[in-house]
Amino acid sequence: MLSLNDVVIDLGDFRLSANFNVPNGQRVAIIGPSGAGKSSLVNAICGFVDVSSGAIMLGARDITAASVAARKMAILFQDNNLFAHLTIAQNVGLGIRPALRLTLAENEIVKQALLRVGLAGFGHRKPSELSGGQQSRAALARALVQAKPWMILDEPFAALGPALRAEMLQLVAEVATETGAGVLMVTHAPEDARRIAQSVIFVAEGVAHAPVPTAELLDNPPPALKAYLG
Amino acid sequence: MIKISPRLGISAAGFIAALILLALGAVASRATGDFALAPSDWAAVRFTIWQAFLSAIFSCLLAIPVARALARRRFWGRGFLITLLGAPFILPVIVAVLGLLAIFGRFGILNDMLGVIGIEPLSIYGLQGVIVAHVFFNLPLVTRLLLQGWQSVPAERFRLVAQLDIPPSMVFRLIEWPLILRIIPGAFALVFVMCLTSFAVALTLGGGPRATTIELAIYQAFRFDFDLGRAALLSIVQLVVAGGAAMMALWLIPVVNLGGGLDRMQRRWDVQMGFSRGLDGVTIALAAAFLILPLAAILVSGLRGLPDVPISVWMTAWTSLWVALVSVVVLLALALPMAGWIATSQHTSVEAVGLLGLAASPLMIGTGWFILIYPFANPADWALVVTIFVNALMALPFALRILVPALRDSAQSYGRLSAGLGLRGVRLWMWVLIPRARAQIGFAAGLTGALSVGDLGVIALFADPDRATLPLQMYRLMGSYQTNAAAGAALILLVLALGLFWIMDYWGRRNAIAE
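If you're matching them up, the sequences are chains U and S in order. With this note's numbering applied, the first sequence covers 288 to 517. With this note's numbering applied, the second sequence covers 825 to 1339.
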C-alpha cells in the first residue's frame, strides 16, 4: 500500500496537503485544474520534490527521505522519457540495470519487451527516428522490464491524438496487469480516468483528496470538480 | 533539478586552489626585502595596465566596423574569412610574432613600401608592437563575438526595418548599437584580462625600461638576476593586478565559440549600395590583409626554412606534442567534474572557481613551484610537469565556459529520468553526460591542446639548455638569428597547434549526437 500521511508540500507561495492510501495494484487517476499541484504531488511521491512535513510510506517502509531510485517506481514524464543519444534497446536496457553492459539473457528480455509493445525490430534505432506514439511505446517497454510495484505517469501522452492516447492507456493497463503494478496517472481528461482508472484523486485548492471510485466521482461530482469539468 | 555528485568537482577545485596557493605561499615566503617596488617595477605595472587597456580598446573599436561589414555583406570567400577569424586564438604566440615581424618588422613588407615613398621605417618594437600583436590576436576574437550577436537578431527585425524603409543610421541605433553595447563590455573585459598576463608578446616585441610587463619583469628578475625575492614580490603584484581585474570582469566574460555556424548569413533587405558598400569593402579588405598576410608569411618563409631545421627542433616538437596531450588529459580530468559541479550547483558563485586560471599568472605559479621544488630537486627536471599543469590551468576558464552549458542542459533535460532509473556516478557520466557533451569536450580538448603546444611561459622560466619545448626552441633560434630555421620551426609549430585543435574538435563533432 502507498500511503501519504499528513503530507504537506510547500513550494514558496504554493501549498498542497495530502492524506490518503492507495492499495497495491490499484490504478488511480489524478485530475484537477492546471496549477492545482497534480505534478507536484507525483513529484513528491517520486522524490523529486521534498515534502515539508508528513510521511510517505510504501507498505511499512518510510520512503519520505529515500532516494528516487530506492522508491521502486517506474516513471513516465511529459517529455524526455528517452535519451536521444541512445538506441531504443539501450533505453529499454537501462530499465533492467543501469550498468554499462547487458548479458545475453538481459538482451533477450529487452527484445521480448519491445515485441510486447509492438516495437519488434526497432531496437537499434534512435528515438528521433520514431513517431511520438512509438516513443511512448518504447518508454512503456522500459516500464515493463523495470517491473516496479508502482508506475507513475505524469501526462506522458498529452501530446498524442485521442485515438493514440486511448491505445497507449490500454497498453499501460496491460503492462500494469502483467507486472502487477499499481498506477498513479496524472491527467486532465476525465475520459482517460474512466478508461483505465479504478479510482480518482481530485486535486484542487491546495488539497489532494483521497481516491474515490471513478464512476461514483465522475457521475456525481462535488461542486469544485463540477466547476473543473464544466 | 538533479545534482551531479559534487565530491569530485570539489576535489578538483581544491587541487587547483592548492596548486595556486602553495605557489603563492612559497612566493610570499621569499618576497623579503623592504617590500618596496623599484621605479622600474612601477614602470612595469603602469605599462602592463596601459598596454592591456589600449589593446582592448583598439581590438573592440576596430572589431565593430569589421563585424558590421561582415554581417551585412555577402561576398566570395566570406565563409573562409570567418573561419579564419577563429585561428589567431589558437595560434602559438611566438609563431604569430614571427608572422607579424615579416609584415611590420624592420625589413618587413610595410617598411619596404614606406621606403619606396621615402618614409622613415616604423619600429614594431615597444608599446606599438605589443599592441599590434595583441590586436592581431584579439580583433578576430571580438569580431566573432560581435557576429554571434548580429546572428542572434531575429530575421523579422531586419524585414521590419526594410519594410518601413528605415535608413542605415536608424538601423544602427535601433538594432546594432544595443547589441554592441551588450557584447562589447564582456569582450573588452576578456581582452583586457588576457593582455594583463601577456608574456610571450612582451618577451619578443617589448622589453627595455619602457615596454616591460610585470610578467616579463618576473622572468627577468628570475632568469637574469636570479633575484627570487624580487621575482616573488613582482608575482604578488601581478596576482593583485590580474586577479583583481579577473574578479571584476567575472560576470562580463562571454562564452568563446570558435566553432562553425557563424558563416550562416541572414538575408538583409535594408543594406544600401554605393558609398557604404565601398566602405564596407575597404574595411573587410584591410581586416583580411591584417589577418592573412602574417599567416601567409609564416607559410612561405616556413616552407623555405624547413630544410634548415636542425634535429633539435624535431625532438622538441615531439616533447611539445606529448606535453600538450598530457595537458589535455589533465584538463579534462579537472574540468569535467568541476563543470558537473558548477552546472548543477544551486550557488552561482561556484562558477567563480573556474576563473582562478585567469586570475593567477603562469609565471607567478612557475616562480612559486620553482621555490618549492628547489630545496629537493633540480627544478629543471620538473619543468615539463609544471608546464603541463600550468597549461591545463590556463585553459580551464575557457573549458568550463564551454562545458558547463552543455552539462546544465543535460541535467535539466534528463536529470529526472536519470534519477528515476538510478543512473549515478560513473554510469551517469558514461551513459548520459559525456556522450551528450561530446562536441563540447572535443572543442575544449582541442583548444587546450593548441594552447598548450604553443605555450611559451613557464617553460622559459625553468628550462636548462637540455630541455625545451618547441616554442622555446624556436625562440632560441630567433635569438641566435637563425632566421630560416626559426621560420621552419614556426611552420611545424603552426601545423601542430592547428592540427591538434582540428583533430580533437573534429572527433567531438563527428561523433556528436544527432538528435
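Worth flagging that the hints you see were computed from the coordinates, not collected in a lab. Beta carbons are placed, not taken as given, at the ideal position from N, Cα and C, and that holds for glycine. Be aware that a few hints might be false.
Example chain U residues on the side facing chain S (calculated, C-beta under 10 Å, incomplete) [stated by the list, open to error]: (1) 361; (2) 364; (3) 377; (4) 421.
These are the hints, each one checked on the structure:
no., hint, verdict
1, 361, "holds, 8 Å"
2, 364, "holds, 6 Å"
3, 377, "holds, 8 Å"
4, 421, "violated, 16 Å"
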